[in-house]
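Given next are the chains, with one letter for each unit.
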Amino acid sequence: MPSSPDKDTLQETLQQAAAGDEHAWRLIVSSYSRRVFGLIRAQCGNADLAEEITQSTFCTIVSKIDSYSELGRFEPWLFRIAMNRLRDEMRRRQRQARPVEHTALTGLAGAAREDEHANRIDKPESDALRRAMAQLSEADQKIIHLRHFSELSFKQIAELLEQPLGTVLARQHRALKKLREIMGSNADDE
Amino acid sequence: MTVRDEHPPSYRFPDQGRDPLPADFEPELRDLDALLAEQARREPVPDRLADRVFEASVGGLPRRKPLPAAGPAAVGWIQILLSSQAWRGRLAMAASLGLVFILAGLFMRGPGKTIDPPPERSIVLAAWLTEVPSDGDDDEVAHLLDTAALSSFDELTGELDEIIAEFDM
Numbered sequence: 001m002p003s004s005p006d007k008d009t010l011q012e013t014l015q016q017a018a019a020g021d022e023h024a025w026r027l028i029v030s031s032y033s034r035r036v037f038g039l040i041r042a043q044c045g046n047a048d049l050a051e052e053i054t055q056s057t058f059c060t061i062v063s064k065i066d067s068y069s070e071l072g073r074f075e076p077w078l079f080r081i082a083m084n085r086l087r088d089e090m091r092r093r094q095r096q097a098r099p100v101e102h103t104a105l106t107g108l109a110g111a112a113r114e115d116e117h118a119n120r121i122d123k124p125e126s127d128a129l130r131r132a133m134a135q136l137s138e139a140d141q142k143i144i145h146l147r148h149f150s151e152l153s154f155k156q157i158a159e160l161l162e163q164p165l166g167t168v169l170a171r172q173h174r175a176l177k178k179l180r181e182i183m184g185s186n187a188d189d190e
Numbered sequence: 191m192t193v194r195d196e197h198p199p200s201y202r203f204p205d206q207g208r209d210p211l212p213a214d215f216e217p218e219l220r221d222l223d224a225l226l227a228e229q230a231r232r233e234p235v236p237d238r239l240a241d242r243v244f245e246a247s248v249g250g251l252p253r254r255k256p257l258p259a260a261g262p263a264a265v266g267w268i269q270i271l272l273s274s275q276a277w278r279g280r281l282a283m284a285a286s287l288g289l290v291f292i293l294a295g296l297f298m299r300g301p302g303k304t305i306d307p308p309p310e311r312s313i314v315l316a317a318w319l320t321e322v323p324s325d326g327d328d329d330e331v332a333h334l335l336d337t338a339a340l341s342s343f344d345e346l347t348g349e350l351d352e353i354i355a356e357f358d359m
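These protein sequences, in sequence, are chains A and B. In terms of my numbering, the first sequence has 134 at position 134, counting the first letter as 1, and numbering is strictly consecutive. Plus 190 on top of the position in the second sequence (first one is 1) and you've got my numbering.
Rather than coming from a laboratory, the hints here were simulated on the basis of the structure. Beta carbons: idealized from backbone N, C-alpha and C, even for Gly. Careful: at least some of the hints might be erroneous.
Unchecked claim - Per the computed footprint, the stretches of chain A lying under chain B, defined by three or more beta-carbons under 8 Å from a beta-carbon of chain B, are:
hint	region
1	17-29
2	38-45
3	51-63
4	79-87
5	163-171
As the list claims (entries may be wrong) - Dumping the calculated SDA-like pairs for lysine to any residue here, alpha-carbon to alpha-carbon at most 25 Å:
hint	chain 1	residue 1	chain 2	residue 2
6	A	Lys178	B	Leu219
7	A	Lys155	B	Glu218
8	A	Lys178	B	Ala282
9	A	Lys64	A	Ala128
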C-alpha cells in the first residue's frame with residue numbers, strides 16, 4: 001500500500017510536478033489516489049462515482065498545481081477539493097431529478113452493498129458496524145470518514161473543515177459515542 | 191478485486207496513519223475507533239486505480255520549461271569567459287591594469303598645467319555683471335555690502351574683469 005511522502009519530500013515533489021515532471025506527478029497520484037477514492041466511496045457508497053470523482057479531483061489539482069502556494073497544507077487542500085466535487089455531483093444529480101438513494105450517503109453501509117468487493121472481510125461485527133454507521137448523521141459519518149479513510153491528522157481535519165482543533169476532537173468523540181450507542185441498541189433489538 | 195501499487199514510493203510519511211485518540215477518550219470508544227480503522231484498511235481499491243487517475247490527469251501537467259535558446263555569439267563568448275575561473279582572473283587583472291594607467295595619466299598631467307578657456311556663456315555673464323547700471327536701490331542694500339558673501343562676489347567680479355581684459359588683449 002503506498003504511503004504519502006514526508007512533508008519536505010512532498011513539497012519538492014509538488015514543485016517538480018509543477019515544473020512538468022511526470023514522474024513526480026505519478027508519485028503524487030500513487031500516494032493519494034487510494035485515500036481520495038476511499039474517502040469518497042465511504043461518503044457516497046458507489047465505487048464508480050468515487051473513481052470518477054477521484055479522477056476529477058486530480059485533474060483539478062494538476063490544473064492548479066503551478067499556482068499552489070499553501071506550503072504544508074496540500075492534503076487538506078486535496079481532500080477539500082474531493083469533498084466539494086462529491087457535493088457538487090450530488091447536487092447535480094438532485095437537480096436532474098435522480099434522487100440519491102439514502103444509502104448512497106451512508107458510507108461504510110453503502111460500501112457493504114457492492115458485491116464486487118469479493119475480498120471484503122465478512123464478520124458479524126463488521127456488518128453491525130456498517131449498519132450502525134448508516135444510522136449516524138451525515139456530519140458524524142463525515143468526521144469518522146475523514147479520520148479513517150483520508151487518514152488525515154486531527155489538525156489537518158480541522159484545517160479542512162475550517163474548525164478549531166478542539167471542535168474536531170469533540171465531534172469525533174460525540175460521533176464515536178453515538179455509534180457505540182447505536183450498535184448497542186441494534187444488538188438489543190436482535 | 192485486488193490492490194496493486196504501481197509505483198510505490200520508497201519513503202514513508204513520518205506521521206503516517208491516524209493520530210492517536212486523546213487520553214480522555216473512553217476505552218470502549220478506543221476499541222470502536224480501532225475497529226473502524228481496521229475496516230477502513232481492508233476496504234479494497236480498484237485495480238490500476240492510480241494508473242487510470244494518472245492517465246486522466248497527466249495531460250493537464252504544466253509543460254516542462256524549455257531550455258534557454260542559444261543567444262548571439264557575443265553572449266556565448268561572454269558566458270564562456272565568465273564561466274572559466276582562469277579567464278575571470280585574467281579579465282580582472284586587465285581591468286586593474288587599465289585603472290592604474292588611467293590614474294597614472296591623470297596624476298602626471300597634474301593640476302593647473304593647462305588653463306581651459308572659459309565657456310562662452312561665462313564670458314557673456316561676466317560682461318552683463320559689469321554692465322549692470324547702479325541705481326538708487328543700492329542704498330537699500332548698502333548694509334549688506336559688508337557681508338562675506340557679497341564681498342566674495344565682489345572679488346569674483348574683479349577676477350572676471352581681469353580674465354575678460356586678458357582675452358581682450
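Cross-check of the supplied hints:
Only residues whose beta carbon comes within less than 8 Å of a beta carbon in chain B count, and the region 17-29 of chain A has 10; three or more means the coverage holds. Counting residues of the region 38-45 of chain A whose beta carbon lies closer than 8 Å to any beta carbon of chain B gives 3, which reaches the threshold of three, so the coverage claim holds. Coverage of the region 51-63 of chain A by chain B holds [criterion: at least 3 residues with CB-CB distance below 8 Å; count 8]. Residues of the region 79-87 of chain A with a Cβ under 8 Å from some Cβ of chain B number 0, which does not satisfy the need for three, so the listed coverage is violated.
A count of 1 residues in the region 163-171 of chain A with a Cβ less than 8 Å from any Cβ of chain B is obtained; the coverage claim is therefore unmet, three being the minimum. For a cut-off of 25 Å, the pair hint linking Lys178 of chain A to Leu219 of chain B stands: about 10 Å separates their Cα positions. Restraint check for Lys155 of chain A and Glu218 of chain B: the C-alpha separation of about 23 Å stays at or below 25 Å, so the hint holds. Between Lys178 of chain A and Ala282 of chain B the CA atoms are separated by roughly 79 Å; this puts the pair beyond 25 Å, and the hint is violated.
With a C-alpha separation of about 42 Å, the suggested pair Lys64 of chain A and Ala128 of chain A falls outside the 25 Å cut-off, and the hint is violated.
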